[in-house]
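Throw the hints in and build the complete structure from the sequences for me.
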Amino acid sequence: MRLIWEGLLQAIRLLLSGNAEVWEITLLSLQVSGLATSISLLIGLPLGTGLALGRFRGRQLALSLVNTGMALPPVVVGLIVSIFLWRSGPLGDFRLIYTPGAIVIAQLIIAAPVVTGLTVAALQQIDPRLRLQLLGLGASRGQVIWALWREARLPLLAALMAGFGSVISEVGASMMVGGNIRHQTRVLTTAIVLETGKGEFASAIALSLLLLFLAFLVNLVLTWVQQQSTRGER
Amino acid sequence: MTALFEIHDLLIHRQGQPVLSIDRLAVEEGEILAVIGPNGAGKSTLLLALARLLQPTIGQILFRGQPIPHDLTYRRRIALVLQDPLLLNTSVYNNVAAGLRFRRLPRIAIDNRVRDWLTRLGIDALRDRPAPRLSGGEAQRASLARALVLQPELLLLDEPFGALDAPTRARLIDDLQVLLKSTATTTVFVTHDQDEAMLLGDRVAVLLEGRLRQIGTPEAIFSAPADAEVAAFVGVETVIAGRVTQAQEGLLTIQAHGFTLEAVGDFSAGRSVLFCLRPEDVTLWAEAGMGKGSARNQVTGKITRMTLQGPLVRIIVDCGFPLVSLVTRASAKQMGLGEGQPVTATFKASAVHLIPRG
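Residue numbers (this note's numbering), protein chains in the order written: chain E, 1063 to 1296; chain P, 2 to 359.
Be a bit skeptical, because a hint or two may be false.
[To be verified] Label-pair restraints from in silico Cβ distances:
hint : chain 1 : residue 1 : chain 2 : residue 2 : range
1    : P       : Ala27     : E       : Asp1189   : 53 to 61 Å
2    : P       : Asp129    : E       : Leu1104   : 28 to 36 Å
3    : E       : Gly1131   : P       : Ser136    : 15 to 23 Å
4    : P       : Gln178    : E       : Thr1130   : 53 to 61 Å
5    : E       : Thr1130   : P       : Ala167    : 51 to 59 Å
6    : P       : His71     : E       : Val1137   : 29 to 37 Å
7    : P       : Val179    : E       : Trp1286   : 41 to 49 Å
In short, the hints are calculated from the structure, not lab data.
Virtual Cβ for every residue (Gly too), placed ideally from N, Cα, C.
Set out below in C-alpha cells:
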C-alpha cells in the first residue's frame, strides 16, 4: 500500500511542479493522436457514408473488411507499418521510421476503420425512406448527405470519440514505429511502459493520471458539443 | 384548363417485375386526383415516378408538355410527402424551413413563408418544439407544412392520413382540402381509403395490380364501377351474376338466382351482366312481404351474419347469394334482427349498377 500512496503523492508533486518533460510528452501525445483522429475522420466519414448509403458490387466485402479493421491489434499494425517504413522497406526513402509521423500513420490505420465502421452503423440507423423524403423536398444529393450527417450527429460524434480513444490509449504500435525516443517520439503510453519497467512507479502513475485526464477532457468537450447539438436550434 | 402532366404508355419494373403500367393519365392544373387501390397496387410507385425518383422502364411523363428532365430543377418544382411524417430531429420550424433552405432562399423570405404556413396549418404554437415530441397529428401537419411551404406546382401525397386516429384525420382532411383549393395546388394523393378519396378527390383513379382500372368523378367510381374487381374494392359488396330478360326504355328486367329484379341501364335482352349493390342501398324488413315504398326489388332470405361497424350493423343475408346490408344499430334492435332470422330485402332499381359481363 505504501508504494501506491507514495507513488500517488510523488505523482501529484511531479504534475504540480510543471515538469517540462512531462508536458512535452503530453503535448506530443495529444498532437499525434489528435492528428491521426482528424485524418481518420476525413477518410472515415466519406468512406462510411458511401458504404452505408451506396449500393455497389463488393459492398458486403468492404463492410466485412472495415469491421475486421475495427479490431486490428495495434501490435500487428505496428509490425506492418514498421516493415513498410523500415530504412530498407518499400517506403524507407521517406525516412519516417522512429518519427512522430510514423506514429500518426500507425494510429491512423488503427482509428480509420473504427471511425468508418461506426459511421456506417450511425447512418444505417436512419430510416432509409428519409433519403427519399429529402429528395422529394428538393434536396440535392449533397444536401441529403449533409442532412443525414446532422441527423446522425450523436452517433457520429461517438464514432469520433471511439476513434480518439482507440489511439490515445494505444501503446504497441507507437512503441514499435516511434521507438519511444526521448524528446522525439516519446508519448504518454510508451513513457508509462518505460517508467514502469524501470520501477519508477511515481512517474508512471503521474503519466497515467495525465493520460486518463486527457482522455476525460477530450471526451468531455466532445460530449458537450454532442449535447449542445441535440437542442432544437433555430 | 391544360394538363399539368400527362403519362403516356408508362411501364415500370422493380426488381425485374412489372409493378405499374399506365396507358394514359392526364391531370389538369389545380386538380386533386385521388389514387386508390389496395397495398401493392403500385400507388407509391406512381408517386415516385411522378417525383422522378424512379425511372420508368418504358414510356414517358410530360410535365407542362415537356418530358421531365432528370435533374434537380424539376424536383424543386414539386413536393413529395411520404406516408410517415419522417421529420428531421430538430424543431418544427427547421423542418418546415428545410426545403426552402435546400433552395437557398434568402433568410427573410424563408422566415415569412415558414411562419405563414405554420399558421395556416395551425401549428404556429409548436414552432420551437423538437419534432420527436410531436403527436401523430401534429407531426403530419408539420410534414404537410414542410411540403406546402414550397408552393409546389405538383404536390404528391402518399397516404398522408394513414397513421392518424379518426377525429384527427377528419380535421386534417378538412383543413387540407381548404388549403389545396385556396392555393389551387395540383395534387396527386394516394390512399387505400375510399372515404378519403371521396372527400378530397376531384377525380378518383382506381389502381389494381399495377393497372389503372378506372378514372372518373368520385360519384362515378363509387356508384358505377367499371368491373367486378373495382366494384369489390370500392365497397360494392353485393355482386351477382344475372341475365337481362327484358329491356324497355331503359328499365331492365333481370333474372338472377331465381329472382326477377329490375334495374336501370342500357343493355339489350339476353345480355349477361353483373348486378352490383352497395350495402347502404339495401333496406331490410323483419317480416316477409313487408316491402313497400318506391323500391321495385324485393328478395327474401335468412340472416347468416351480423357484425357491428361503428354505429351501424353489417348484415349478410343468404338469398341464394350473399346480400350485404348496412342498417343502424337502433333499427336492427327495433326490428329484433338476429342471425338465422328470415328477412325481406328491398332496393330501388336506380340503386343497382350493372356491369357487362364476358
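Results for each hint:
For the pair P/Ala27 and E/Asp1189, the beta carbons lie near 34 Å from each other, so the given range of 53 to 61 Å is not met. A beta carbon spacing of about 34 Å between P/Asp129 and E/Leu1104 agrees with the range 28 to 36 Å that was offered as a hint. The given range of 15 to 23 Å is broken by E/Gly1131 and P/Ser136, whose C-beta atoms sit roughly 44 Å from each other. The beta-carbon spacing between P/Gln178 and E/Thr1130, approximately 56 Å, falls within the hinted interval of 53 to 61 Å.
Restraint check, E/Thr1130 to P/Ala167: a C-beta distance of roughly 52 Å satisfies the suggested window 51 to 59 Å. At about 52 Å, the beta-carbon gap between P/His71 and E/Val1137 misses the expected band of 29 to 37 Å. Between P/Val179 and E/Trp1286 the CB atoms are about 46 Å apart, so this pair conforms to the stated range of 41 to 49 Å.
In this structure, the earlier hints numbered 1, 3 and 6 are contradicted, and the remaining ones agree with it.
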